[in-house]
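K.L.:
Here is what each chain is made of, one letter per residue.
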Amino acid sequence: MLTLTCPCCGVAAEETELAPGGEAHLKRFGPGASDEDFEGYLFARKNPKGVHFERWRHAMGCGKWFLAARCTATLEVFGTYKAQSPEPPPEIIAAIKARRPDWKGYS
Amino acid sequence: MRRYSVFAVAREALRFHAGWGRAWAAPEPKRKYDVIVVGAGGHGLATAYYLGRNFGIRNVAVLEKGWLGGGNTGRNTTIIRSNYLQDPSAAIYEKARSLFETLSQELNYNVMFSPRGLLMLAQTEHEARGYKRTVHANALQGVQTEYIDAARVKALVPIINIEGPRYPVLGALYQARGGTARHDAVAWAYARACSDMGMDIIQNCEVTGVRSAGGKVQGVDTSRGSIDCDKLAIVVAGNSSVLAEMAGFRLPIESLALQALVSEPIKPAIDVVVMANTVHGYMSQSDKGELVIGGGTDGFNNYTQRGSWHHVEETVRALVETFPIISRLKMMRSWGGIVDMTGDRSPILSATPLGNCFVNCGWGTGGFKSIPGSGWAMAELIAKGAPGPLAAEFGLNRFREGRFIDESVAAGVAH
Ligand SMILES: Cc1cc2nc3c(=O)[nH]c(=O)nc-3n(C[C@H](O)[C@H](O)[C@H](O)COP(=O)(O)OP(=O)(O)OC[C@H]3O[C@@H](n4cnc5c(N)ncnc54)[C@H](O)[C@@H]3O)c2cc1C
Ligand SMILES: [Zn+2]
Numbered sequence: 001m002l003t004l005t006c007p008c009c010g011v012a013a014e015e016t017e018l019a020p021g022g023e024a025h026l027k028r029f030g031p032g033a034s035d036e037d038f039e040g041y042l043f044a045r046k047n048p049k050g051v052h053f054e055r056w057r058h059a060m061g062c063g064k065w066f067l068a069a070r071c072t073a074t075l076e077v078f079g080t081y082k083a084q085s086p087e088p089p090p091e092i093i094a095a096i097k098a099r100r101p102d103w104k105g106y107s
Numbered sequence: 108m109r110r111y112s113v114f115a116v117a118r119e120a121l122r123f124h125a126g127w128g129r130a131w132a133a134p135e136p137k138r139k140y141d142v143i144v145v146g147a148g149g150h151g152l153a154t155a156y157y158l159g160r161n162f163g164i165r166n167v168a169v170l171e172k173g174w175l176g177g178g179n180t181g182r183n184t185t186i187i188r189s190n191y192l193q194d195p196s197a198a199i200y201e202k203a204r205s206l207f208e209t210l211s212q213e214l215n216y217n218v219m220f221s222p223r224g225l226l227m228l229a230q231t232e233h234e235a236r237g238y239k240r241t242v243h244a245n246a247l248q249g250v251q252t253e254y255i256d257a258a259r260v261k262a263l264v265p266i267i268n269i270e271g272p273r274y275p276v277l278g279a280l281y282q283a284r285g286g287t288a289r290h291d292a293v294a295w296a297y298a299r300a301c302s303d304m305g306m307d308i309i310q311n312c313e314v315t316g317v318r319s320a321g322g323k324v325q326g327v328d329t330s331r332g333s334i335d336c337d338k339l340a341i342v343v344a345g346n347s348s349v350l351a352e353m354a355g356f357r358l359p360i361e362s363l364a365l366q367a368l369v370s371e372p373i374k375p376a377i378d379v380v381v382m383a384n385t386v387h388g389y390m391s392q393s394d395k396g397e398l399v400i401g402g403g404t405d406g407f408n409n410y411t412q413r414g415s416w417h418h419v420e421e422t423v424r425a426l427v428e429t430f431p432i433i434s435r436l437k438m439m440r441s442w443g444g445i446v447d448m449t450g451d452r453s454p455i456l457s458a459t460p461l462g463n464c465f466v467n468c469g470w471g472t473g474g475f476k477s478i479p480g481s482g483w484a485m486a487e488l489i490a491k492g493a494p495g496p497l498a499a500e501f502g503l504n505r506f507r508e509g510r511f512i513d514e515s516v517a518a519g520v521a522h
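In order, the protein sequence lines correspond to chains A and B.
So in my numbering, the last one in the first sequence is 107, and the numbering has no gaps at all.
So in my numbering, the last one in the second sequence is 522, and the numbering has no gaps at all.
Chain A on its own, in the form it takes in the complex (with noise of 0.2 Å):
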């Protein structure tokens, strides 16, 4: 079962108590915008094979959006921040870095 540490309040919470809320860092596109970018923003998703940026929800617990890297191909977990950051901070992406030499980057 996956285990998720939530960083609002600290509980090392199991799948049942979370709930999963899809890609995380979408850049919002409203009114104004281009089609395209509406339509990547509202459907197009990266959906990688590999390392993941993503939002959960600590539904059953304290209630709080966070969000968490993992890997989709190996179901790894390489750590999880708080739901304000506008990209992975620097220790995600060292974390990430650690275990996997020959990843891209965040993008």
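Hints listed in this document are in silico derivations from the structure and should not be mistaken for laboratory results.
Careful, some of the hints might be misleading.
Under the rule of at most 30 Å between Cα atoms (straight-line distance), these lysine-lysine pairs were calculated in the BS3-like manner [said to hold, decoys possible]:
#, chain 1, residue 1, chain 2, residue 2
1, B, K172, A, K97
2, B, K374, B, K172
3, A, K46, B, K323
4, A, K104, B, K172
5, B, K261, B, K239
6, A, K104, B, K323
7, B, K172, A, K49
8, B, K139, A, K49
9, A, K64, A, K82
10, A, K49, A, K104
11, B, K374, A, K46
12, B, K374, B, K139
13, B, K395, B, K261
14, B, K323, B, K139
15, B, K395, B, K374
16, B, K172, B, K323
17, A, K49, B, K261
Derived coverage of chain B by chain A (criterion: at least 3 residues anywhere in the stretch with Cβ under 8 Å from a Cβ of chain A; other residues may be distant) [as the list claims (entries may be wrong)]:
#, region
18, 408-419
19, 486-497
Listed next, with one range per pair, are the computed distances between beta-carbon atoms [what the hints assert, rightly or not]:
#, chain 1, residue 1, chain 2, residue 2, range
20, B, M438, A, T5, 28 to 38 Å
21, B, M438, A, G22, 28 to 38 Å
22, A, P31, B, R240, 31 to 41 Å
23, A, M1, B, I432, 24 to 34 Å
24, B, P372, A, M1, 21 to 31 Å
The C-beta atom is built at its ideal place from N, Cα and C for all residues, glycine as well.
Position chain B with the ligands against the provided structure of chain A, taking the given hints into account.
P.N.:
Chain B with the ligands only, in chain A's frame:
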């Protein structure tokens, strides 16, 4: 190709079954093909088959990273139905279902199509109303379904608990010609027919890159070398985003794990397929006697073909309420597949931003039933470069234009 028949069985019985040839060839890749299909699941193989059968395009290779039929095609619970709500879905799923009726004869291979009848239980007033609406829609679409009451459900499924404590059975959406087929046999039958037409099915050949020039596809790089092609079809279900990245575009797809399980074999107990979408589980009995069980997907992106335990628990819990007599059965095996989910729960059969590159994906939790229809429509799209009536509404542009084919209600559970 040697035809399979009762005479062939008799002949082989007299000579120690030494004369059965290989069902399909194991060729080395050529340098170039007219069409390369990536992925030898049911959809890829059916695409190749109908390219040859309907359009005479036979210089075709189907490249498979593992063994043919080893993806979702060999992992699903084999439910076949066409009782969808929206017109474009009803058209392609009913085309597929009707092709299944004669597939064994057409391909000279027993795919064990068993139109044993399929029920989707209505267990809330909302669901009952929704299914009545579907029956009316199906009547207009020419798909034969009916709404039946609880007494008729009980007559068709004696082991069901109609008075379920939380969700009594109010009625059901019944498709008498829905049912099951043998999943492996569907892949094998198409593979054999493709090989017989001179097409190359190349297993253990992983596509690792897509080559293009001037906005048009040139060929692919594989674990068995570079191969050129005029046209490329990406038909890889849960791996669609990976291939799309190689080809330089993104898809509205997320890859999730979906699981199934089977019980120990028991005597015949249920001779229809029952789906219970409110409580989230479905069940049928295989010819071997195992109860074949499935439920919902996990919620997070996953490529490991392993799902979460609590989904198995939820599914079994729901089915024990619905069929109390199964509560003492042992479950023998469970497994997972990676399904390709779109936002509107409808598939994508489409041209792509890369010229001469086509994609067939997004069948998600329910694309076994559509294999013949999907192959039929995809072959037309590839051969003509533009979709025919079956594929027309399933293009990638529907997301930009807001023309969704919303089937998330009709497909409450994964099947
Ligand atoms: C547990 C479960 C239960 C299901 N139950 C039902 C059901 O009851 N009814 C129903 O209609 N549908 C059901 N489905 C859905 C159905 O299985 C799929 O929609 C369908 O099989 C998809 O077929 P496909 O040919 O597109 O994909 P697949 O059969 O997955 O074939 C894709 C192939 O592409 C290959 N591939 C991937 N990447 C590469 C690469 N880089 N190079 C070369 N080859 C590659 C894979 O190895 C694979 O063999 C279920 C699915 C699952 C997982
Ligand atoms: Zn918390």
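K.L.:
Hint by hint, say whether it matches the structure.
P.N.:
Hint by hint, here is what the structure shows:
Between K172 of chain B and K97 of chain A the CA atoms are separated by roughly 28 Å; this keeps the pair inside 30 Å, and the hint holds. At most 30 Å may separate the alpha-carbon atoms for a hinted pair to count; K374 of chain B and K172 of chain B exceed this at roughly 38 Å. Note on K46 of chain A and K323 of chain B: the hinted pairing holds, with a Cα-Cα distance of about 22 Å set against a maximum of 30 Å. Straight-line distance between C-alpha atoms of K104 of chain A and K172 of chain B comes to about 24 Å, which keeps the hinted pair within the 30 Å bound.
Taking the CA atoms of K261 of chain B and K239 of chain B, the gap is about 19 Å. The hint holds against a cut of 30 Å. For the suggested pair K104 of chain A and K323 of chain B, the alpha carbons sit about 26 Å apart, so the restraint of at most 30 Å is met. Only pairs whose Cα atoms come within 30 Å are accepted, and K172 of chain B paired with K49 of chain A is accepted, the gap being roughly 15 Å. The hinted pair formed by K139 of chain B and K49 of chain A meets the criterion: a straight-line CA distance of about 29 Å does not exceed 30 Å.
This hinted pair checks out: K64 of chain A and K82 of chain A have alpha carbons roughly 10 Å apart, not beyond 30 Å. The straight-line distance between the Cα atoms of K49 of chain A and K104 of chain A is roughly 13 Å, inside the 30 Å bound, and the hint therefore holds. Straight-line distance between C-alpha atoms of K374 of chain B and K46 of chain A comes to about 47 Å, which puts the hinted pair past the 30 Å bound. For the hint pairing K374 of chain B with K139 of chain B, the CA-to-CA distance comes to about 52 Å; that exceeds 30 Å, so the pair is violated.
For the hint pairing K395 of chain B with K261 of chain B, the CA-to-CA distance comes to about 24 Å; that is within 30 Å, so the pair holds. Of the supplied pair hints, the one linking K323 of chain B and K139 of chain B holds, its CA atoms being roughly 15 Å apart against a limit of 30 Å. A hinted pair counts as satisfied when its Cα atoms are at most 30 Å apart, and K395 of chain B with K374 of chain B qualifies at roughly 9 Å. A distance of roughly 24 Å separates the Cα atoms of K172 of chain B and K323 of chain B; the hinted pair therefore holds under the 30 Å criterion.
A hinted pair counts as satisfied when its Cα atoms are at most 30 Å apart, and K49 of chain A with K261 of chain B does not qualify at roughly 46 Å. Counting residues of the region 408-419 of chain B whose beta carbon lies closer than 8 Å to any beta carbon of chain A gives 8, which meets the minimum of three for the stated coverage. With 0 residues having a beta carbon nearer than 8 Å to a beta carbon of chain A, the region 486-497 of chain B misses the requirement of three or more and the stated coverage is violated. For M438 of chain B and T5 of chain A, the Cβ-Cβ distance of about 32 Å falls inside the hinted range of 28 to 38 Å, so the restraint holds.
Range check, M438 of chain B to G22 of chain A: about 31 Å between beta-carbon atoms, so the 28 to 38 Å window is met. Roughly 34 Å separates the CB atoms of P31 of chain A and R240 of chain B, a value that falls within the hinted 31 to 41 Å. With their beta carbons about 30 Å apart, M1 of chain A and I432 of chain B fall inside the hinted range of 24 to 34 Å. Against the hinted window of 21 to 31 Å, the Cβ-Cβ separation of P372 of chain B and M1 of chain A comes to about 30 Å, which satisfies the hint.
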